[in-house]
Amino acid sequence: MSQIALLLIHPAVTTTPELVVNAKAVAEQSNITIADQFLINKVNEGSIKLKSNNYDIIRYLTPEKPEEIKFPKKLIGTLKDALKLNGHLYGLSDVYKIDAVVNGFEIINDEGKEYHWIKKQEIKATPQAIPLKSKSAASGEMGAKKLPNFKKTPLPSFKKAPLPTFKKASPEPKVAKVVVIADDLDDDLDDEEDDGVFSDSTKARYLDVNDDDEDESIDEDDLVNEKSGNVAMIVCGKSKTKKKKACKDCSCGIKEEEEQEIDNIRSQQDKVVQFTEDELTEVDFTIDGKKVGGCGSCSLGDAFRCTGCPYLGLPAFKPGEAINLNSISDDL
Amino acid sequence: MSSTHKIAILYGSETGNSQDFATILSQKLQRLHFATTLLPLGEFNPNDILKVRYLFILVSTTGQGELPRNANETTTGSKKTLWSLLKKKNLPEGFLNHIQVAFFGLGDSSYPKFNFAVRKLYNRMVNQLGARELFDRLEADEQGMAGSNKGTGAGVEAVYFEYEKKIINFLREKFPMMKDSQGNRVERTEIDPSVYLKPKSYLKFAGVTTENTPVINFMGDESVKFGKIVANNKLTADDHFQDVRQLIFTNREESRREIDYNPGDTASIYPNNFDHDVDTFLNNQDQWLSIADKPLEFTNGVPDSLKCIGGIVQPLTLRNLLKYHIDIMSIPRTSFFMKIWQFATDVTRMERGQEQLDDQRDKLKEFGYDEDMQELFDYCNRPRRSVLEILDDFLSVRLPWQYCLDYLPLIKPRSYSISSGPSDPNIELTMAVVKYRTILRKVRKGVCTTYLSELPVGDTSLRYKIQNNNLIKKELHNHPMLLVSPGVGLAPLLSVIKTDNPVISKNIHLFFGCRFKDKDYLYGNKLEEWDAKGRIQLHPVFSRDRENSPDTKYVQDVLWKLGAEMTDLLANHEAVFFLCGTSGRMPLQVRLTVIEMLKKWGGFEDDEAAKDFLKEMEKDGRYIQETW
Numbered sequence: 004m005s006q007i008a009l010l011l012i013h014p015a016v017t018t019t020p021e022l023v024v025n026a027k028a029v030a031e032q033s034n035i036t037i038a039d040q041f042l043i044n045k046v047n048e049g050s051i052k053l054k055s056n057n058y059d060i061i062r063y064l065t066p067e068k069p070e071e072i073k074f075p076k077k078l079i080g081t082l083k084d085a086l087k088l089n090g091h092l093y094g095l096s097d098v099y100k101i102d103a104v105v106n107g108f109e110i111i112n113d114e115g116k117e118y119h120w121i122k123k124q125e126i127k128a129t130p131q132a133i134p135l136k137s138k139s140a141a142s143g144e145m146g147a148k149k150l151p152n153f154k155k156t157p158l159p160s161f162k163k164a165p166l167p168t169f170k171k172a173s174p175e176p177k178v179a180k181v182v183v184i185a186d187d188l189d190d191d192l193d194d195e196e197d198d199g200v201f202s203d204s205t206k207a208r209y210l211d212v213n214d215d216d217e218d219e220s221i222d223e224d225d226l227v228n229e230k231s232g233n234v235a236m237i238v239c240g241k242s243k244t245k246k247k248k249a250c251k252d253c254s255c256g257i258k259e260e261e262e263q264e265i266d267n268i269r270s271q272q273d274k275v276v277q278f279t280e281d282e283l284t285e286v287d288f289t290i291d292g293k294k295v296g297g298c299g300s301c302s303l304g305d306a307f308r309c310t311g312c313p314y315l316g317l318p319a320f321k322p323g324e325a326i327n328l329n330s331i332s333d334d335l
Numbered sequence: 120m121s122s123t124h125k126i127a128i129l130y131g132s133e134t135g136n137s138q139d140f141a142t143i144l145s146q147k148l149q150r151l152h153f154a155t156t157l158l159p160l161g162e163f164n165p166n167d168i169l170k171v172r173y174l175f176i177l178v179s180t181t182g183q184g185e186l187p188r189n190a191n192e193t194t195t196g197s198k199k200t201l202w203s204l205l206k207k208k209n210l211p212e213g214f215l216n217h218i219q220v221a222f223f224g225l226g227d228s229s230y231p232k233f234n235f236a237v238r239k240l241y242n243r244m245v246n247q248l249g250a251r252e253l254f255d256r257l258e259a260d261e262q263g264m265a266g267s268n269k270g271t272g273a274g275v276e277a278v279y280f281e282y283e284k285k286i287i288n289f290l291r292e293k294f295p296m297m298k299d300s301q302g303n304r305v306e307r308t309e310i311d312p313s314v315y316l317k318p319k320s321y322l323k324f325a326g327v328t329t330e331n332t333p334v335i336n337f338m339g340d341e342s343v344k345f346g347k348i349v350a351n352n353k354l355t356a357d358d359h360f361q362d363v364r365q366l367i368f369t370n371r372e373e374s375r376r377e378i379d380y381n382p383g384d385t386a387s388i389y390p391n392n393f394d395h396d397v398d399t400f401l402n403n404q405d406q407w408l409s410i411a412d413k414p415l416e417f418t419n420g421v422p423d424s425l426k427c428i429g430g431i432v433q434p435l436t437l438r439n440l441l442k443y444h445i446d447i448m449s450i451p452r453t454s455f456f457m458k459i460w461q462f463a464t465d466v467t468r469m470e471r472g473q474e475q476l477d478d479q480r481d482k483l484k485e486f487g488y489d490e491d492m493q494e495l496f497d498y499c500n501r502p503r504r505s506v507l508e509i510l511d512d513f514l515s516v517r518l519p520w521q522y523c524l525d526y527l528p529l530i531k532p533r534s535y536s537i538s539s540g541p542s543d544p545n546i547e548l549t550m551a552v553v554k555y556r557t558i559l560r561k562v563r564k565g566v567c568t569t570y571l572s573e574l575p576v577g578d579t580s581l582r583y584k585i586q587n588n589n590l591i592k593k594e595l596h597n598h599p600m601l602l603v604s605p606g607v608g609l610a611p612l613l614s615v616i617k618t619d620n621p622v623i624s625k626n627i628h629l630f631f632g633c634r635f636k637d638k639d640y641l642y643g644n645k646l647e648e649w650d651a652k653g654r655i656q657l658h659p660v661f662s663r664d665r666e667n668s669p670d671t672k673y674v675q676d677v678l679w680k681l682g683a684e685m686t687d688l689l690a691n692h693e694a695v696f697f698l699c700g701t702s703g704r705m706p707l708q709v710r711l712t713v714i715e716m717l718k719k720w721g722g723f724e725d726d727e728a729a730k731d732f733l734k735e736m737e738k739d740g741r742y743i744q745e746t747w
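Chains as they are written, first to last, in our numbering: chain F, 4 to 335; chain U, 120 to 747.
Treat the hints as calculated values from the structure; they're not laboratory data.
Where a beta carbon is used, it is the ideal one built from N, C-alpha and C, also for glycine.
Take the hints with a grain of salt, since some may be wrong.
In the PhoX-like style, the derived pairs of lysine-lysine whose C-alpha atoms are separated by at most 20 Å in a straight line are [claimed, not checked]:
no., chain 1, residue 1, chain 2, residue 2
1, F, 100, F, 68
2, U, 554, F, 206
3, U, 564, F, 258
Listed next, with one range per pair, are the computed distances between beta-carbon atoms [stated by the list, open to error]:
no., chain 1, residue 1, chain 2, residue 2, range
4, U, 405, F, 311, 30 to 36 Å
5, U, 474, F, 32, 33 to 39 Å
6, U, 334, F, 311, 51 to 57 Å
7, F, 23, U, 481, 49 to 55 Å
8, U, 349, F, 238, 37 to 43 Å
9, F, 311, U, 637, 38 to 44 Å
10, U, 485, F, 124, 37 to 43 Å
11, U, 734, F, 264, 37 to 43 Å
12, U, 419, F, 41, 56 to 62 Å
13, U, 300, F, 39, 26 to 32 Å
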């Protein structure tokens with residue numbers, strides 16, 4: 004009997020189509036039937052619902068390197084649900100080790116075998132006793148298996164949790180806790196010994212700045228001729244020098260480069276803003292006949308867009324809604 | 120409400136970079152429970168210097184090697200500042216020996232007077248007045264070719280963060296303990312970054328409901344004046360790429376039209392936002408909508424930061440603040456993100472729920488805290504993205520109105536050279552409307568020049584101040600004058616030429632450069648009329664107009680062409696050389712040309728001798744450069 008499999012695809016796989024081809028070839032050889040093939044985004048946004056207990060194998064295809072995989076954590080539970088007991092999940096990595104264990108997966112990381120996770124019996128929430136040892140024994144794969152190492156890995160972080168999730172529109176934003184800096188904090192500084200040659204009262208008589216006589220003032224320009232002391236060098240410069248900006252009267256070519264870049268980006272924009280509303284619904288997460296890269300970030304605004312995204316320079320928008328041309332149409 | 124703390128962070132800032140770094144430093148110290156005073160150098164009450172023990176100075180340098188305006192004078196134009204006090208000759212050597220100080224200079228080594236301002240402060244305060252330096256000062260270079268980041272490939276922010284690190288290390292080591300709310304001494308801790316630091320004074324609803332008059336007024340700055348628009352004309356041809364305006368205004372009160380100014384003086388203009396942009400903001404932060412017109416007041420007096428905004432609008436409402444004081448069209452800086460990221464809280468506006476909200480929070484925090492500012496630079500500075508546009512991209516942000524004057528940038532005034540004759544009650548400006556494109560579809564427009572260009576004749580809402588800059592010394596009147604200006608640099612030179620009671624000089628040469636004779640020859644007819652009447656000798660040059668300018672392109676070409684005569688005026692007749700226009704290569708090339716002229720026709724043997732002569736001219740106020 005052949006095993007039933009699901010292919011989940013990262014939209015950017017369009018840049019490496021051989022991944023899909025390979026996966027299908029392997030499946031054929033191994034008597035695996037690929038029953039479904041979905042874009043991960045569709046599953047993530049909920050427009051595709053996975054059936055429970057449906058697959059023997061789920062394989063996730065992404066061009067990302069294993070250690071750089073970005074995967075919606077909440078989907079890990081969904082995938083577990085879609086797998087049959089002892090079903091295999093391929094394609095994720097130790098980046099999500101904790102989520103795997105939390106969701107009752109066992110991580111198989113044997114030499115000579117492809118890294119994958121196996122869905123085990125549901126473990127009930129007993130945080131202090133995750134039965135790793137017994138589980139690995141139960142899996143029947145003894146020997147070289149590496150256990151997930153929890154020594155240095157922080158526990159699942161709930162730092163982000165404390166923000167209340169507003170189910171309904173909240174008229175007032177949640178204002179973070181506010182602290183007043185106590186005015187008298189610098190009382191601490193009083194234990195400074197005053198080794199001044201002059202007391203404050205002696206100095207105070209120089210404070211009368213009422214006489215505006217320029218002649219009574221030193222000439223600023225004389226100050227820079229004197230020795231100017233030492234300048235400290237920075238120890239380490241983590242930051243890079245920013246990409247050079249063209250001077251107002253640039254003649255070295257940077258200005259032209261900038262203009263060229265702007266022109267390129269704008270001609271890209273011209274293409275996407277001419278999409279019809281129908282096309283825009285497809286724009287976000289399509290592979291076939293895709294209008295843009297399907298990283299899923301196009302609608303989120305420039306801060307989240309990829310380099311080279313054809314939407315660069317356009318406002319954030321709701322997936323499926325036409326871009327508001329009124330807000331962007333007044334060209335030079 | 121000013122009470123000076125023992126730790127003071129004072130800055131001098133022209134474009135806002137130093138101010139932003141100073142704000143970041145102040146935030147970080149406050150998060151360690153160090154109370155700090157944060158002010159422009161010029162606003163700091165000089166008498167308070169006796170209360171300060173730890174002084175942190177962050178200062179940029181203007182093109183002329185001087186301290187920025189907000190370090191040299193108060194916002195009301197008074198020169199009674201800390202710096203003027205410290206320059207008094209009669210101060211004893213140990214005057215500042217109660218102070219430990221650390222300096223951060225922000226400069227650009229493409230200008231000859233790189234970081235002169237911080238060096239002046241250092242020499243006076245440390246070498247002459249006995250302040251003790253906590254550590255060697257840091258000098259940042261935009262070009263990475265000099266100062267603390269010379270040859271490191273690191274940007275100015277790396278220098279700032281080094282400065283910050285040294286200060287924090289020092290203070291934490293020196294003051295490891297602090298007092299808790301009960302007054303017990305406990306170990307000094309850091310306030311969590313997700314906690315918003317409440318400002319000392321913020322907005323609340325006014326206790327008494329005042330009658331809501333539609334009349335707009337400004338309180339708290341007597342030096343601000345109101346202008347009535349007399350003329351607003353486009354000077355360039357319709358098909359020319361640049362829109363240059365002649366704007367004439369006069370004081371709206373007839374009794375106050377007498378005004379004292381001279382050639383080279385500037386008008387400082389307080390622009391305001393357009394109503395439709397204010398509406399866009401309010402619709403984005405729609406929790407403000409229902410209260411936008413309610414009268415407000417401050418919980419604890421007017422905050423120090425509002426000293427520089429040209430008086431506070433009355434009635435004090437959110438809508439009026441957004442229109443007149445809050446710079447929603449500006450490109451925000453790091454400190455903005457540092458302060459607002461916690462307010463990304465509204466998941467209902469997130470298509471993708473909590474995950475997207477978390478992403479937005481993380482991104483905003485990264486913009487506020489990442490020491491490598493590249494991401495922020497690419498997202499904000501390069502495309503020139505405004506606060507308004509950023510809020511549109513980050514819909515999770517719900518801003519609390521009470522603290523808006525703390526975390527939103529404020530509109531600063533812009534200075535324009537006056538082109539009318541001295542003390543003419545009809546004040547004339549000549550300025551180019553700033554407009555350019557970036558990758559953002561919407562055209563970028565200069566906030567102030569756009570505001571000015573749309574003021575209709577008869578409008579009486581223009582807020583302005585006159586700044587006396589004393590560029591041309593009285594004793595140099597009647598000397599020959601070489602006035603040099605490409606483009607709108609002409610503005611202050613017009614004021615020189617119009618000085619006719621008595622005429623400022625009988626021997627004026629004007630070198631004016633533009634692109635085309637029939638497109639941007641500003642006031643061309645007027646200039647030629649003056650030339651015909653012998654008021655000036657006009658030497659126009661058109662850089663892209665071969666027909667009308669066959670053998671010269673730029674002003675320096677014409678200077679060279681008339682080299683023998685002009686050099687004679689400079690070297691032998693104490694002529695004044697007044698150069699105006701855009702900064703960058705133009706002033707450098709003109710300067711080089713003058714040096715070559717002095718060598719060729721002035722009898723100066725080598726570069727060194729010619730340069731020395733030029734420096735002497737500068738010192739005497741005979742070589743004046745006003746570039747921006």
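Quick rundown of the hints versus the structure:
no. : hint                       : in the structure
1   : F/100 to F/68              : holds (15 Å)
2   : U/554 to F/206             : violated (52 Å)
3   : U/564 to F/258             : holds (19 Å)
4   : U/405 to F/311: 30 to 36 Å : holds (34 Å)
5   : U/474 to F/32: 33 to 39 Å  : holds (37 Å)
6   : U/334 to F/311: 51 to 57 Å : holds (53 Å)
7   : F/23 to U/481: 49 to 55 Å  : violated (31 Å)
8   : U/349 to F/238: 37 to 43 Å : violated (58 Å)
9   : F/311 to U/637: 38 to 44 Å : holds (43 Å)
10  : U/485 to F/124: 37 to 43 Å : holds (40 Å)
11  : U/734 to F/264: 37 to 43 Å : holds (41 Å)
12  : U/419 to F/41: 56 to 62 Å  : holds (58 Å)
13  : U/300 to F/39: 26 to 32 Å  : violated (60 Å)
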